[in-house]
Amino acid sequence: SQQGEEDPQALSIQEGENATMNCSYKTSINNLQWYRQNSGRGLVHLILIRSNEREKHSGRLRVTLDTSKKSSSLLITASRAADTASYFCATVLTSGTYKYIFGTGTRLKVLA
Amino acid sequence: GAVVSQHPSWVICKSGTSVKIECRSLDFQATTMFWYRQFPKQSLMLMATSNEGSKATYEQGVEKDKFLINHASLTLSTLTVTSAHPEDSSFYICSARGPNRDLAYEQYFGPGTRLTVT
Chain A
1 SQQGEEDPQA
11 LSIQEGENAT
21 MNCSYKTSIN
31 NLQWYRQNSG
41 RGLVHLILIR
51 SNEREKHSGR
61 LRVTLDTSKK
71 SSSLLITASR
81 AADTASYFCA
91 TVLTSGTYKY
101 IFGTGTRLKV
111 LA
Chain B
113 GAVVSQHPSW
123 VICKSGTSVK
133 IECRSLDFQA
143 TTMFWYRQFP
153 KQSLMLMATS
163 NEGSKATYEQ
173 GVEKDKFLIN
183 HASLTLSTLT
193 VTSAHPEDSS
203 FYICSARGPN
213 RDLAYEQYFG
223 PGTRLTVT
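Residue numbers (this note's numbering), protein chains in the order written: chain A, 1 to 112; chain B, 113 to 230.
By construction, these hints were calculated from the structure, which means they are not laboratory data. It is possible that some hints are incorrect.
Going by beta-carbon spacing under 8 angstroms, a handful of chain A positions derived as facing chain B [to be verified]:
#1 Asn30
#2 Arg62
#3 Tyr98
#4 Tyr100
#5 Phe102
#6 Thr104
Derived DSS-like pairs: lysine-lysine, alpha-carbon spacing no greater than 25 angstroms straight-line [what the hints assert, rightly or not]:
#7 Lys99(A) <-> Lys69(A)
#8 Lys99(A) <-> Lys178(B)
#9 Lys167(B) <-> Lys153(B)
#10 Lys26(A) <-> Lys56(A)
#11 Lys99(A) <-> Lys167(B)
#12 Lys26(A) <-> Lys178(B)
#13 Lys126(B) <-> Lys167(B)
#14 Lys69(A) <-> Lys56(A)
#15 Lys132(B) <-> Lys109(A)
#16 Lys56(A) <-> Lys132(B)
#17 Lys132(B) <-> Lys99(A)
#18 Lys56(A) <-> Lys99(A)
#19 Lys126(B) <-> Lys99(A)
#20 Lys26(A) <-> Lys99(A)
Being a predicted model, the structure only gives us computed values, none of them experimental. C-beta atoms are modelled at their ideal positions from N, C-alpha and C, and glycine is treated no differently.
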């Protein structure tokens with residue numbers, strides 16, 4: 001399968017806790033992006049990290065990228081019930097096709 | 113900027129009929145658009161890459177005669193599901209590649225179309 005792998009597949013935490021989800025991929029990338037999707041809705045772009053970057057922050061989000069391990073992690077700090085959603089990583093290959101390869105996703109549930 | 117719309121947002125059709133879904137880039141020209149499908153509780157799977165003025169490139173396992181893609185203008189791509197069957201029921205999402213060289217590796221996603229075939 002071309003898809004990236006994400007773990008965990010599902011995560012349930014209490015409000016206020018941090019949530020960490022991981023993404024692994026297989027080939028060289030131009031960039032990696034994280035998206036959120038509420039049930040039955042469209043994608044919301046969270047953050048983009050380029051292959052020459054190692055860490056990026058946006059509000060309560062922190063993304064790391066380790067190209068030697070072909071992996072990325074998304075950390076959501078001080079989670080809220082509204083963060084309950086599915087989170088997907090998407091890798092953009094260097095091959096020039098501009099295709100996105102989505103990870104399998106992590107379903108996050110934040111309990112109030 | 114870089115807004116992509118889809119129409120309709122949801123559609124119910126009878127088995128055997130065809131359904132057309134439109135994907136429009138509202139404020140930029142998109143030479144390349146992509147079509148994805150997503151089954152419940154699963155990830156997005158790329159179906160095809162649509163290039164303006166040329167034939168679409170389909171991913172392995174996607175039937176091109178069943179999922180007809182037309183990218184006739186720089187702002188519109190259409191996906192027609194022909195002779196739809198219940199197993200075609202899914203969430204279809206389109207995206208458009210960034211409008212310039214700096215944004216070539218970014219995609220802007222439409223809100224999706226939920227297709228239910230009865």
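Hints versus structure:
1. Here the hint on Asn30(A) is kept, as its CB sits about 5 angstroms from the closest CB of chain B, short of 8 angstroms.
2. Hint status for Arg62(A): violated, given a least beta-carbon distance of 21 angstroms to chain B, over 8 angstroms.
3. Hint on Tyr98(A) holds. Least Cβ distance to chain B is approximately 5 angstroms, under the 8 angstroms limit.
4. For Tyr100(A), the interface hint holds, the least distance from its beta-carbon to any beta-carbon of chain B being 6 angstroms, beneath 8 angstroms.
5. Here the hint on Phe102(A) is kept, as its CB sits about 5 angstroms from the closest CB of chain B, short of 8 angstroms.
6. The closest approach between the C-beta of Thr104(A) and any C-beta of chain B is roughly 5 angstroms, which is under the 8 angstroms cut-off, so the hint is satisfied.
7. For the hint pairing Lys99(A) with Lys69(A), the CA-to-CA distance comes to about 21 angstroms; that is within 25 angstroms, so the pair holds.
8. Taking the CA atoms of Lys99(A) and Lys178(B), the gap is about 22 angstroms. The hint holds against a cut of 25 angstroms.
9. With a C-alpha separation of about 31 angstroms, the suggested pairing of Lys167(B) with Lys153(B) is violated against the 25 angstroms cut-off.
10. Annotation: proposed proximity of Lys26(A) to Lys56(A) holds, straight-line Cα distance about 21 angstroms (limit 25 angstroms).
11. Note on Lys99(A) and Lys167(B): the hinted pairing holds, with a Cα-Cα distance of about 16 angstroms set against a maximum of 25 angstroms.
12. Of the supplied pair hints, the one linking Lys26(A) and Lys178(B) is violated, its CA atoms being roughly 30 angstroms apart against a limit of 25 angstroms.
13. Under the criterion of a C-alpha separation no larger than 25 angstroms, the hint pairing Lys126(B) with Lys167(B) is inconsistent with the structure, at around 28 angstroms.
14. Restraint check for Lys69(A) and Lys56(A): satisfied, since their Cα atoms lie roughly 17 angstroms apart, inside the 25 angstroms limit.
15. For the hint pairing Lys132(B) with Lys109(A), the CA-to-CA distance comes to about 35 angstroms; that exceeds 25 angstroms, so the pair is violated.
16. Distance hint between Lys56(A) and Lys132(B) is unfulfilled; the C-alpha atoms sit about 40 angstroms from each other, more than 25 angstroms.
17. For the hint linking Lys132(B) to Lys99(A), the alpha-carbon distance of about 23 angstroms falls within 25 angstroms, and the restraint holds.
18. Between Lys56(A) and Lys99(A), the direct Cα distance comes to roughly 22 angstroms. Compliance with the 25 angstroms bound is thereby established for this hinted pair.
19. Of the pairs offered as hints, the one joining Lys126(B) and Lys99(A) is violated, with about 32 angstroms between alpha carbons and a cut-off of 25 angstroms exceeded.
20. Note on Lys26(A) and Lys99(A): the hinted pairing holds, with a Cα-Cα distance of about 14 angstroms set against a maximum of 25 angstroms.
Checked against the numbered hints given earlier, this structure breaks hints 2, 9, 12, 13, 15, 16 and 19; the rest are met.
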